[in-house]
Structures are given as structure tokens and as C-alpha cells.
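Start from the sequences, fold in the hints, and give me the full structure.
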Amino acid sequence: MVFLWQSEMHKYQSWGKNPHAKQTALYYSDRHQALPVVNGASILPYGMGRSYGDVCLNDENAIIPTSRLDHYMEFDQEKGVIKCEAGVCLSDLLDLVIPRGYFIPVTPGTKNVTIGGMVANDVHGKNHHRAGSFGNFVTAFELLRSDGKRLICTPDKNPDLYRATIGGLGLTGLITWVEISLETIESAYINTESIRFQTIEDFFRISDDSDQSWEYTVAWIDAFSNKSGDCRGVFFRGNHMRDNDFIYKKRSMPLGVPLNMPSWLLNRYVLKLFNKLYYSVNRNKAQRVHIYDFFYPLDKVSAWNKMYGKNGFYQYQCVIPDDQAEMTIRSMLKLCNSNKQGSFLSVLKKFGDIKSPGLLSFPKKGYTLALDFPNRGKRTLNMLDAFDDMVLDAGGSVYPAKDARMSADSFKCFFPAWQEFSQQVDRGFSSSFWRRVMAE
Amino acid sequence: MATKKTLLILGATSAIAQQVARQVVSRDYRIILVGRDRQKLVDLCADLQVRGGTADYRVHDLLEMTAHEQIIKNVVNEYGGFDIVLLAYGTLPDQEQCEADRNEAVKQLNINFISAQNILSVIAERFIEQGQGQIIAISSVAGDRGRKSNYIYGAAKGALSIYLQGLRNRLSAHNVQVLTVKPGFVDTPMTKDFKKGILWSTPERVAKDIVRAMDKRRDVIYTPWFWKYIMLIIKFIPETIFKKLNL
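So the protein sequences, as listed, match chains X and Y.
Residue numbering for the first sequence follows the numbering used here, starting at 1 and increasing by one per position.
Residue numbering for the second sequence follows the numbering used here, starting at 1001 and increasing by one per position.
Treat the hints with care, as some may be off.
Stated by the list, open to error - Listed next, the in silico DSSO-like pairs over lysine-lysine satisfying Cα-Cα at most 27 Å (straight line): (1) Y:Lys1235 to X:Lys11; (2) Y:Lys1196 to X:Lys306; (3) Y:Lys1244 to X:Lys17; (4) Y:Lys1216 to X:Lys17; (5) X:Lys378 to X:Lys22.
Because the hints were derived from the structure by calculation, they are not lab data.
If you want it as C-alpha cells, here you go:
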């Protein structure tokens, strides 16, 4: 009809709004169907588009949105094992399982992700030191390959594809369903404490002290607080309560950013002020909060990525081995400050040593730092390249799910298993990210 | 009469029907899914059961109209009757193909209107007998005015809307609700080849509107709501002008 305008192209972007991709969305609504094909183009599964950079994009090629693969298949409430299609959204799954006394054993910081996306990015959460990454709880899944083969993958069955698909960025085929082993909970509430700290040493001390007795730990840091690379921040830790209360007493008004804000809005002074405010409102205290409020505070502001304007932003998350952590993190924060670039939300967290089955899995023992920066073009990119060098020197790596710019060389150093992984990549599948990091 | 309310969904694999079933899954309904594709029905049943619902399915091709009476009889025998019926099946024909092949046009009219009115007539008798019931049928805004781009579909849906109007008139004395649902553009497998724009809605949103209208015992709804006004304008255009428009 005449009064339609086209919005399809803009619908499938990544969370950082950067880079932009032109891709054809193929219709796929039934997991028993064969994969849709387009002549000569590669395909890539697309979930909720919550990865920040280009792992969910397939520029000049095709994507398969998985939103219609949203059926549950089985839920064994005795064993706590749930089997569902890959497009099921975590928020729906949680609404279903929490009142029944279960929780997802590893959760990212948003519930607006698909289960397939959680597998493909092998997501981690505030309990990495205790549980490892999400891949450790994926007991089985089905992979639909472009040659039409359907393969059930478990740690014992098709183990190579199992290991490649966990953290495999959607490149090994379409995950049609996933079976996950859930965690038992005795309450939908978290007993949480927040503790202010003044220096990085303080952070390391509190982190070490908390690891044993707290299931969830994470720290926010004020990246603007000190020019010498030191920083103040707030340490959050939490444990599941056991009070048998599974009712979520609603909730604040839903907020949202209706449209792209002008990109100058989040300038250095505003960011600085925000960080100051955030520090001052978070005093030392203990609280009882619902799981949703503890894990997903940013979900309350829908489309918060529009705050950064149409140029979007870069998120940078790296992990640094223990012995190098303090020095490297200091140098990175110092570089931020000297470049007059600051981060809206900066997060610091200790990873444990539980290995993921995933070949390209990001988390490993050490400390992870996540920063985000408004996209100021070359200036921002140069700084992030400098970050990469520091992380390389320290023997760390950078998280592909949040990346839009790391070089092919850096990727290959960060992920030495890439060659083994590329053997398992489905030849009909590709992504903007993959072409970028495989470029000669 | 069963203690639980029973919802019978005809064309249960349709995207809108699936969402309606999910919307009411937390209610204490027994949901019976009728469709042609056994595998899909099995999947949908499993999905509703995991969500905490009670669901069962029956495989039938509703184009076989001679079987309609038996289908309804079986449902009554097996489940002790039913209270709500959602008629959700339909196909969106290719207008040009209908013009080129009159058999195709007849087939489309059979699916979208003849078979629908046939099974609803069987159900109407049942509801009159039990003195209560709710009939919800998915028609379309396309049935409000004929346009060259899809008037076979429009004719079938228009006929369905008129049929439902008459049925409502007849059944209102018997405590039976008849709800005509007129969705606009909905992003479903039926419309997968269309370019989508701002007027497009999702099956979830349409399903929400349907359930709300069902509970309020409404007669006719447009969904999303703004289609009421779009169609109002379209219906107002004089035919002398309308016939020259490229719609």
C-alpha cells in the first residue's frame, strides 16, 4: 500500500549503533524448516541485537532473525532442566522459571537477550568466580548446518561442534534449540551490600574478601576520579535469599529514551557529573532487592543506547591476568583521562578459573574491565587500539560480543584457538565481525 | 459441562492464534488446538504445557466441510463441551493468480469464507443448545472495501464479516458473544513477503487486543485501534474517485 514507509533496514542493528549494516532479513518461523537461502550471500542468526559491535551483523549479506523460534519444548521441574527454542528471550524464561523456584545459573546484565545469543556469546555474569560462563550449563543443543544436516551437540556427541558453538558467535550454523540446566533458588530476592572504595588496591582487597562468601560480585568505578589511574568506586555483592518469597512487587514506571539524543549530549562534563552523582547516591548499605532489580538495572531504561546519539558508542571489555591486572588497569584509566575520554558506566570484576567448554570463549582467570565511550571517530578508535596493545602485553583478551573494531592481528593473538575454531565454521555462515578479524 | 473453561482454536498454528493461546495460558482454561500440521501442533502443545497451561490437539483439515459436524461432536464427547471458539485460519491469496485461475479463486473463497461459515454454523447450534458461548473470528480490514490488489481475499473476509454480523444478531438472544476481529497489517508467516513499515503490527499486540475484547464481550474490533479510523476514511471515499485510485 502507498502509505508504507520502509523501516526494515534500520530494525536490525547492533546495540552500539555502530557500525551500520545493510542486510536482508530472511523469514524463518519453524525450527523444522530448512534454512532459507539467498544466492551467493552468507547468513547469520540474529537474536535481540544486544551485542554491541558487529558480531550480530552481516553487512551486504543476510541475517535470520530468530524471534519466531520462541517455543518451549520441555521443562523437567524435578531436575531443573529446560529445553527451548533458541529465540526464547531470557526475560520470558525468567518470568516462567523464577516463580517455580529456578534461576538461570549465569546471567548477563540484561534480560533482553535470546538463549541462542547467550550460547553464541558464551555470556558471563557477576558469579563468574563461582560458576564460570553460561556454556558450562548448556547440556545440549541442535545445530542446523547450511548443508541441511541437523546435529545434536553435547559434551560427548559432536564434541568439536559443541565446543565451537559455545562462544562461536553464530558462525557454526543455526542453533535451533538449547537445553540448559537451571539453578535452584529459594527466593526471588537477593541480599545485597554496597561498599564504597577509594583506590584500586581497596577494590582488589574487597574482591578477594568477598569471593568466598558472596555468589555475585561486581564493582562500578568512577573512571574520572583520579588522573593517576587510581579510582574510587562502589563494590556490589549479593547472595540469593532463602525466604521463599517469589513474588515481584511491582516496579517503577518504565522509562525509555524515545529517540536518538544529540551526540554532543554525553560530553565529558556530563559523564563526569553522572559518575560523581552515581558515587554519591551509592552509600555503604545492605538491602534486599528482587533479582530483576539486582541484575538488570539498565533494562528499566529501554533503548538507553540512544543516549549516545546517532553515532552510537563503543564498548570495550577486556580481561587481564591476575598478576598484570593492577598495572594494566591503571594504565588504561590513565590513558582515558589523558585522552579526555571518559566512560559512562565502568565495571570491574574478578573472573575465576572455571574453564568454559567454548573454544572462543572470552572469560578467563583474571580481572575484567568494561568501559564505554561515545563514538568520537578517530580519537576514540586510536585510544582503543592503544588499549589493545596494553591488553596484548599483559596476556589478556578482548570480548568479541562488545567489539566493533579490534584488528585481525589482535584477534588472532587474543584467541589462539581461532584456527581450530575456523575448521568448524559453517561455510554458509559469516558475519561482519568474522570477515573483519579474518582479513589478511 | 466441564468445570474448566474450554477454548477451541481452529487454525491453531496461525501466528495470531499462538499468541492468543499464550495470553490466556495462565487462566484455568483447557486449550484444544485444531490444525493440519501435526508436528507444529505437538510443538505448540508442549510450549503451552511448559508455560503452565492445559493443552491438547487434534489434526484436521478444516477445508473438508463434510467432517465439520463430526469434529465438533468429537470435541464435545471427549472434553464435555467447549465455551470459547477462536477461528483463526485463513490464507492470503495471490490476487493475480486468482484472476488467471478461477479455480484458485474458488479455493480461496472456500478456505476464507465457505468453510469458516460452515463450521461456525455447526458451533452456533451447539452454543444455542448450551445457552452460552463465545465466538471469536478473525476477519480483516481487507473485507471493508474492495481494492484491485486483493479483492478475492477482501470478498471472502467481507462475506465473513457480514456472516458474523448476522450470526451475532441471531445469537445475542442466546447469551452468545460473536466477536469480529479486523486486524490491519500483521507481521506473520502469511505476510512474510511484504515490506514492513510503521503501520505493521505484531501478532502479540493483536492477540492482546483480541483477549481484551473477548473479556469485555465486544462485537467488532479493529486491531491495532487506528485501523478503525483508516478504514473509516477509506470507506468514505466516493466510489467515482475510489475506482481510479491505485490501491
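Hint check results:
1. Y:Lys1235 to X:Lys11: 32 Å, violated
2. Y:Lys1196 to X:Lys306: 23 Å, holds
3. Y:Lys1244 to X:Lys17: 43 Å, violated
4. Y:Lys1216 to X:Lys17: 42 Å, violated
5. X:Lys378 to X:Lys22: Measuring from Cα to Cα gives roughly 23 Å; hence the hint holds.
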